[in-house]
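**Student:** Protein chains in written order, with the working numbering: chain A, 89 to 207; chain B, 28 to 544; chain C, 13 to 110.
It is possible that part of the hints are untrue.
Claimed, not checked - Derived lysine-lysine pairs resembling DSBU-like cross-links, with alpha carbons at most 35 Å apart:
{"id": "1", "chain 1": "A", "residue 1": "148", "chain 2": "B", "residue 2": "425"}
{"id": "2", "chain 1": "B", "residue 1": "68", "chain 2": "A", "residue 2": "202"}
{"id": "3", "chain 1": "A", "residue 1": "148", "chain 2": "A", "residue 2": "119"}
{"id": "4", "chain 1": "A", "residue 1": "148", "chain 2": "A", "residue 2": "202"}
Said to hold, decoys possible - Short derived list, chain A residues pointing at chain C, Cβ under 7 Å:
{"id": "5", "residue": "157"}
{"id": "6", "residue": "158"}
{"id": "7", "residue": "161"}
{"id": "8", "residue": "164"}
{"id": "9", "residue": "166"}
Read the hints as simulated data drawn from the structure, not as lab findings. For every residue, glycine included, the Cβ atom is placed at its ideal position computed from N, Cα and C.
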Amino acid sequence: MELYVPILVLAVLAAGFAVFSVTIAPFTGPKRWNRAKLDAYECGIDPTPQPVGGGRFPLKYMITAMLFIVFDIEIIFLYPWAVAFDQLGVFGLVEMVLFIVTVLVAYAYVWRRKGLDWD
Amino acid sequence: MNNTFQAPTIEYGQLAPLLLVFGAAVVGVLIEAFAPRYLRKSFQVPLTFVSLLGAFALILVQVFVSGVPTAPAAMGAVAVDGPSLFIWGVILILAAVSVLLITDDDHFVPQAAAVPGSAEEDDALAEGAAHTEVYPLVLFAVGGMLLFAASNDLLMMFVALEVMSLPLYLLCGLARRRRLLSQEASVKYFLLGAFSSGFFLYGMALIYGFAGTVDLAGISRALGTVSGQDPLLLIGTALLGVGLLFKIGAAPFQAWKPDVYQGAPTPITALMASGTLVAAFGALLRVFWVALGNLDWDWRPVMWGVAILTMVLGAILAITQTDIKRMLAYSSIAHAGFLLVGVIATGDARQNADALSGILFYLLVYGITTVGAFAVVTVVRDAGGEAGHLSRWAGLGKRAPALAGVFAFFLLAFAGIPLTSGFFGKYAVFAAAATGGALPLVIVGVVSSAVAAFFYVRVIVLMFFSEPAADGPTIAVPSMGTAAVVTVAAAATVVLGVFPEPVLRLADQAASTLFIR
Amino acid sequence: MTTHYLVLSALLFSIGAVGVLVRRNAIVVFMCVELMLNACNLAFVTFARQHGNLDGQIIAFFVMVVAAAEVVVGLAIIVTIFRTRRSASVDDANLLKY
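Model the full structure from these sequences, guided by the hints.
**Tutor:** Set out below in structure tokens:
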């Protein structure tokens with residue numbers, strides 16, 4: 089049974105963090121209401137009226153989606169490492185750190201070149 | 028399935044050239060991220076040269092100090108053997124020479140995201156913007172080439188193929204002038220390249236299904252235990268072959284080559300026509316000789332057909348071309364055919380070593396002459412950029428005798444005229460093929476060489492014996508880099524044509540151990 | 013029975029390959045290429061099951077990452093040419109010939 093204690097602790101921590109964030113947000117966050125923020129939320133696009141033929145999306149959406157895909161999929165390599173990380177020992181850790189640093193370099197490039205800015 | 032994993036051993040020393048090139052590429056990305064715009068180029072150019080030449084020095088250290096390794100590195104994933112080291116050296120030399128061409132900013136678009144002809148493009152031009160990302164992209168592509176030629180299992184080969192190709196797809200679309208052509212070349216190269224890597228991957232899946240491993244030596248072992256008629260194996264071999272033959276531009280998978288070579292910025296064409304071809308031949312040899320060597324009764328007849336078709340198609344279609352870059356592309360297809368003759372010429376170990384040595388030497392001489400020829404193409408200019416149409420080259424010999432003379436010399440080397448390096452390259456491959464029982468192929472090769480010589484000579488005649496047009500192209504004053512490239516390429520073509528022994532001997536030594544498993 | 017999965021994978025691969033050859037929109041062509049890569053993944057995972065080793069599953073991971081990188085590069089190229097020409101049809105890209 090004590091095998092499940094860490095999971096329980098993690099669950100409590102996660103729930104605590106969620107409750108804390110939600111309760112603290114109304115007090116600390118800036119409140120600048122506008123029309124768009126009061127709309128029904130649907131991926132940031134006006135739900136009605138629908139443009140003819142689905143309309144065209146600004147290029148910004150594609151860039152964001154592409155960045156998401158390429159950084160998201162890198163996580164996949166963490167899974168096999170996570171499964172065997174204790175057997176792989178220091179070697180695995182060092183290699184994984186190197187891998188993540190390489191991904192971070194790409195992230196730094198995107199960030200500095202304003203790939204993460206919306207406007 | 029056992030549950031104990033062992034940390035792999037990685038021979039960092041053997042992989043040092045690869046790590047240096049990839050590391051420099053990553054640093055290049057960091058420079059792009061943090062250096063101010065006006066400083067980027069002055070960081071990127073030295074970094075690129077230092078990493079390429081440093082990697083070359085590391086290869087020399089490996090060969091002359093540590094000795095050529097006798098077992099694959101990185102748990103059998105990368106084989107740093109004699110042929111690999113020779114091919115690495117060739118790729119690094121060709122890449123360094125191509126980068127000299129690339130340093131001439133004039134070839135690349137100031138801002139790729141600006142629509143051609145738009146106000147943004149004019150603004151970018153006016154403020155002197157430049158995509159210095161070109162340098163890290165080239166380094167990634169070169170790293171991919173190195174890995175592609177040395178990968179000892181199919182997964183590594185697939186990853187290397189993509190690491191090599193993805194930057195090249197982007198680089199193809201960055202020409203400053205004739206941007207519509209350049210973007211179109213990029214789309215075509217990308218779609219066809221992705222299509223062919225799909226075939227490569229499915230072939231790899233079927234071979235994995237057959238052998239239970241993607242290790243080249245493991246596949247070879249699995250071949251010994253069953254009869255060679257397993258449909259998984261045969262279909263897998265065919266699909267792998269499609270993927271690899273596409274990369275070298277062999278018929279019937281050659282269609283992309285003229286389009287891409289014409290549309291891409293010429294320095295990038297030079298890099299693709301030399302480096303990619305060398306790397307792809309390294310990988311092709313490794314797959315067909317190491318993994319599928321015992322299956323040669325099945326793949327050899329098909330390869331015969333492919334080689335004949337490639338040589339004939341390349342030589343004949345080149346005659347009908349009116350654009351200089353397209354003509355060089357078809358010439359590159361024909362040369363891929365000549366090199367395939369060497370791939371087919373297998374036999375006993377001695378025969379294999381001869382054929383391999385011929386191919387290695389041919390790759391070196393062809394690559395260096397190609398870079399030189401494309402360097403000449405960059406300086407013959409019209410109002411709208413390079414004067415591509417052959418009619419514009421008429422009478423060039425009277426307007427710029429030195430330049431036209433050097434270009435004529437490169438063309439003669441392509442044709443394989445004695446006293447040029449091309450002669451010894453062709454001779455080495457064809458001689459090995461003749462003793463290897465591929466005499467009919469050699470005859471086809473010699474005949475298509477003669478046909479090819481016709482269109483090379485036609486260009487020479489056009490340059491020297493016709494009147495220059497009144498509004499002929501201007502000869503741009505070559506930048507330091509371009510002049511250096513033309514000089515180096517011409518010198519190499521002469522020296523390897525008159526005095527080829529040392530390099531031939533080096534190729535012999537590199538080939539003598541064949542591929543390690 | 014792993015045969016069914018292999019047949020499915022071969023079918024998906026063929027659909028993708030035929031799609032590349034017959035469809036005209038560059039984005040659809042590209043999606044067909046992705047279908048081919050995913051068919052390969054299915055084959056790899058099936059063979060991994062058949063052989064009882066993990067190689068195939070790990071290869072599938074690599075293929076997914078490579079495919080994602082290819083998507084990013086490919087869409088960038090296709091969007092660029094679309095912005096220039098206002099068309100993503102591969103038939104309209106016909107300046108380079110002869």
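**Student:** A separate judgement is required for each hint: does it hold in the structure or not?
**Tutor:** Okay, the hints, checked on the actual structure:
no.	hint	in the structure
1	A:148 / B:425	54 Å, violated
2	B:68 / A:202	20 Å, holds
3	A:148 / A:119	25 Å, holds
4	A:148 / A:202	11 Å, holds
5	157	5 Å, holds
6	158	5 Å, holds
7	161	4 Å, holds
8	164	5 Å, holds
9	166	10 Å, violated
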